[in-house]
Amino acid sequence: MDLFAIIRIAMRALARNKMRSVLTMLGIIIGVGAVIAMLGVGQGARQTMQEQIQAMGSNLLFVGAGTVTRSGMHMGWGSTKSLIYDDMLAILRECPAAHAVAPGSSSSGQVVFGNDNWATRLNGTEPQYFDIRSWPFLEGSAFTQNDVEMSANVAVIGETVRKNLFGATDPVGQTIRINNLPFRVTGVLVPKGTSAAMGDDQDDIILVPLTTLQKKITGQPWLRWIMVSAVSRQSSYAAQQQITSLLRDRHRIRAGDDADFFVRNLADMADVADEAGRVMTLLLASIASVSLIVGGIGIMNIMLVSVTERTREIGLRMAIGATEGNVQQQFLIEAVVLSLMGGITGIIFGLGASYVITQTLGWPVLISPLVIAIAVVFSMAVGVFFGFYPARKAAQMDPIEALRYE
Amino acid sequence: MATTSQPEASLPGTKDPETVILAEEIHKYYELGETRVHALRGATVKIARGEFVTIMGASGSGKSTFMNILGCLDKPSTGRYLLEGVDVSSLAKKELAAIRNRKIGFVFQGFNLLSRTTALENVELPTLYAHISKAEGEKRSREALALVGLGDRVAHFPSQLSGGQQQRVAIARALVNRPSILLADEPTGNLDSRTSVEIMDIFQKLNDEGLTIVLVTHEPDIAQFAKRSIQFRDGKIRRDDRNQNRPLASEVIKNLPKLED
Ligand SMILES: Nc1ncnc2c1ncn2[C@@H]1O[C@H](COP(=O)(O)OP(=O)(O)OP(=O)(O)O)[C@@H](O)[C@H]1O
Ligand SMILES: [Mg+2]
Chain A
1 MDLFAIIRIA MRALARNKMR SVLTMLGIII GVGAVIAMLG VGQGARQTMQ EQIQAMGSNL
61 LFVGAGTVTR SGMHMGWGST KSLIYDDMLA ILRECPAAHA VAPGSSSSGQ VVFGNDNWAT
121 RLNGTEPQYF DIRSWPFLEG SAFTQNDVEM SANVAVIGET VRKNLFGATD PVGQTIRINN
181 LPFRVTGVLV PKGTSAAMGD DQDDIILVPL TTLQKKITGQ PWLRWIMVSA VSRQSSYAAQ
241 QQITSLLRDR HRIRAGDDAD FFVRNLADMA DVADEAGRVM TLLLASIASV SLIVGGIGIM
301 NIMLVSVTER TREIGLRMAI GATEGNVQQQ FLIEAVVLSL MGGITGIIFG LGASYVITQT
361 LGWPVLISPL VIAIAVVFSM AVGVFFGFYP ARKAAQMDPI EALRYE
Chain B
1 MATTSQPEAS LPGTKDPETV ILAEEIHKYY ELGETRVHAL RGATVKIARG EFVTIMGASG
61 SGKSTFMNIL GCLDKPSTGR YLLEGVDVSS LAKKELAAIR NRKIGFVFQG FNLLSRTTAL
121 ENVELPTLYA HISKAEGEKR SREALALVGL GDRVAHFPSQ LSGGQQQRVA IARALVNRPS
181 ILLADEPTGN LDSRTSVEIM DIFQKLNDEG LTIVLVTHEP DIAQFAKRSI QFRDGKIRRD
241 DRNQNRPLAS EVIKNLPKLE D
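Chains as they are written, first to last, in our numbering: chain A, 1 to 406; chain B, 1 to 261.
So that you can see chain A by itself, here it is in the shape it has in the complex (with noise of 0.2 Å):
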């Protein structure tokens, strides 16, 4: 018997009871779109990390306060009073691999505009940091090293800030209060979106010269951060030796003993992203794969109903001279067609809810040919398994027995 014609025959068993099959391929339906989904968003947010990484320049590199354990994740950073400003300026003045440097504080802020109000991060330093995070303006311009010798009352905004205060006014040149002090907008920043990396909004941002941060909001003269760019790519891992040995020997720190500082490099950045966003990938879509099973257990179920009452068919059918293997092939391949159809549109499921899941966040949908192909053999191979005992099953009955079973 062919196999067209055999899964003719699976088709019109299944369309005889729809409910009941349709019931069954949901659970396939629901593990398959899950784990689609998953994988889809999961590869679209590594993707994006990574554009995002390599957008901020790949000669960049971030000198961070706080200590660093030996796993690479950074503890309780910026709570330590270890990074000053002549430790900025002696990078660039004893790291030959240093291009630029650009110093940072952040702190948290209440903005007003008029009637409106947000709650945002306040980030100070100057004005090469846009260089260094090449960093583009849609609005206005940066704020001058004018103002951060003065600590000017001037501020560049995100565009998550803009659209929260300003609507369709212009913000340049407006007054805003930020911590009830009045500031005047200079600039808008070109959105960069939500960082997949970190999760959060980018552009839910101001940035006000490093001084005026320091004087008149956090009252503390300590960096959280500096920004370096390296003369090239190739010389990133030469500066980020020649900083940990330069602010190593500055702090006075023994050899052995755990800095008081960290220095990262993109490259490093990516890999760590992009091995959390793997692991957080996989993770998510082997919780989804549990679905999967009891989906297939679901099948099993069905197909053991299903073997039970047609036992005078199967007698029937062997008696008329179908073999064993005719049997089994019929029954394995309705439990097939069940999951199949199921993993099909799981797959038409998930790639909707991941389409809506990354427009949402502004991430690209990514799902590779490979990923459906897998979704496909592995219903296959979850009707295969669970139809494959109760197949076994209607094969070994007796024909007379089946029969006469009433």
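One thing to keep in mind: the hints can contain errors.
Below, in silico cross-link-like pairs of lysine to aspartate or glutamate (DMTMM-like), each with a Cα-Cα straight-line distance of 25 Å or less [as the list claims (entries may be wrong)]:
{"#": "1", "chain 1": "B", "residue 1": "75", "chain 2": "A", "residue 2": "324"}
{"#": "2", "chain 1": "A", "residue 1": "18", "chain 2": "B", "residue 2": "121"}
{"#": "3", "chain 1": "B", "residue 1": "93", "chain 2": "A", "residue 2": "260"}
{"#": "4", "chain 1": "B", "residue 1": "103", "chain 2": "A", "residue 2": "324"}
{"#": "5", "chain 1": "B", "residue 1": "134", "chain 2": "A", "residue 2": "324"}
Only part of the chain B face toward chain A is listed, based on derived beta-carbon distances under 8 Å [claimed, not checked]:
{"#": "6", "residue": "74"}
{"#": "7", "residue": "114"}
{"#": "8", "residue": "125"}
{"#": "9", "residue": "239"}
{"#": "10", "residue": "249"}
A few chain A residues that don't get close to chain B, going by computed Cβ distances all over 10 Å [as the list claims (entries may be wrong)]:
{"#": "11", "residue": "7"}
{"#": "12", "residue": "54"}
{"#": "13", "residue": "82"}
{"#": "14", "residue": "117"}
{"#": "15", "residue": "140"}
{"#": "16", "residue": "168"}
{"#": "17", "residue": "232"}
{"#": "18", "residue": "287"}
{"#": "19", "residue": "324"}
{"#": "20", "residue": "326"}
{"#": "21", "residue": "341"}
Treat the hints as calculated values from the structure; they're not laboratory data.
Source: prediction; values computed, not measured.
Even for Gly, the Cβ is constructed at its ideal location relative to N, Cα and C.
Since the structure of chain A is already known, use the hints to place chain B with the ligands on it.
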């Protein structure tokens, strides 16, 4: 064609026809917990090609049990069954399935049609397992249905057919793979006499064309259409007679009142 009621074996100058069924000392028992039901107690039967045999006997005398063994659906507990000279107990399950599919046509006591499946598809069922094309299978199925007089009922479901028509679908299904042996277990049970005779007419014509037929029945009226009658009693053969003056079913029909259909 041969309308003789003479047993062929006794014709002078002819070679003994080939023996197709040889059952020797067949015993069959069913174990039911402590008790043992003895369904067959040493049945011995020899049937040659081209014979038309009826098996009669009281209910429970082991007729169906014996037919199931002849049809390779069941195996004897002891005894030997040779089908065309081959000991069936030596065959693998797969070979038995092939024999049931191609060599033997079986009409079951009770019709055993698949419900929610049309007459045509019911008849096609054996062709699915016979290594013939779908088109060829369908052609043969239509022919088989036409042969039993149901050419105009192919698309009907069993529930839309009368008992006699359902039985004829079952006969068409048994014939569709052109077997050389037809085993029928009470094919005329619960049918009115006219329909029964019509079915016997079909059987007589098939037999004339060389088909070997073994048929179980309760009614002596039906048994008379065969060439040979075997009587079962308590799982054994009690009588084995050649029928003299066998009537032709096609002639008998003419004298029956026409009232149904
Ligand atoms: N599967 C079984 N288990 C136990 N006993 C059985 C089984 N099948 C048949 N028997 C017994 O074997 C005996 C013969 O049964 P069988 O069906 O061959 O009778 P039969 O001659 O065909 O009767 P009928 O004319 O009523 O169809 C009966 O006593 C029956 O109870
Ligand atoms: Mg019987």
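The hints, checked one at a time:
Our distance criterion of 25 Å between C-alpha atoms is met by residue 75 of chain B and residue 324 of chain A, whose separation comes to about 17 Å. Simply put, residue 18 of chain A and residue 121 of chain B have alpha-carbon atoms about 21 Å apart, close enough for the 25 Å limit, and the pair holds. Of the pairs offered as hints, the one joining residue 93 of chain B and residue 260 of chain A is violated, with about 80 Å between alpha carbons and a cut-off of 25 Å exceeded. Taking the CA atoms of residue 103 of chain B and residue 324 of chain A, the gap is near 18 Å; set against the 25 Å cutoff, the hint holds.
Using a Cα cut-off of 25 Å, the hinted pair residue 134 of chain B and residue 324 of chain A holds, with the two alpha carbons roughly 21 Å apart. For residue 74 of chain B, the shortest C-beta to C-beta distance to chain A is roughly 5 Å, which falls under 8 Å, so the interface hint holds. For residue 114 of chain B, the shortest C-beta to C-beta distance to chain A is roughly 6 Å, which falls under 8 Å, so the interface hint holds. The beta carbon of residue 125 of chain B is positioned within 8 Å of a beta carbon in chain A (closest approach about 6 Å), and the interface hint is therefore held.
For residue 239 of chain B, the interface hint is violated, since its Cβ never comes within 8 Å of a Cβ in chain A; the closest pair sits about 27 Å apart. At a threshold of 8 Å, the smallest CB-CB gap from residue 249 of chain B to chain A is about 26 Å, leaving the interface hint violated. Distance check on residue 7 of chain A: its Cβ is at least 13 Å (rounded) from any Cβ of chain B, clearing the 10 Å threshold; non-interface status holds. The non-interface label for residue 54 of chain A is consistent with chain B: the shortest C-beta to C-beta separation is roughly 59 Å, beyond 10 Å.
Every Cβ of chain B is farther than 10 Å from the Cβ of residue 82 of chain A; the closest lies at roughly 81 Å, confirming the non-interface assignment. Chain B leaves residue 117 of chain A outside its interface by the beta-carbon criterion, the shortest separation being 70 Å against a cut-off of 10 Å. For residue 140 of chain A, the non-interface assignment is confirmed: its Cβ lies about 76 Å from the closest Cβ of chain B, beyond the 10 Å cut-off. No beta-carbon of chain B is positioned within 10 Å of the beta-carbon of residue 168 of chain A; the least distance is around 67 Å.
Non-interface call for residue 232 of chain A relative to chain B: holds, since the shortest CB-CB distance, roughly 71 Å, exceeds 10 Å. With a least beta-carbon separation of about 42 Å from chain B, residue 287 of chain A lies farther than 10 Å from that chain, consistent with its non-interface assignment. Residue 324 of chain A, annotated as away from the interface, has a beta carbon of chain B within 10 Å; the closest lies near 6 Å. Interface exclusion of residue 326 of chain A from chain B breaks down, the closest Cβ pair being 6 Å apart, not more than 10 Å.
At roughly 21 Å, the least C-beta separation between residue 341 of chain A and chain B is larger than 10 Å, which holds for a residue marked as non-interface.
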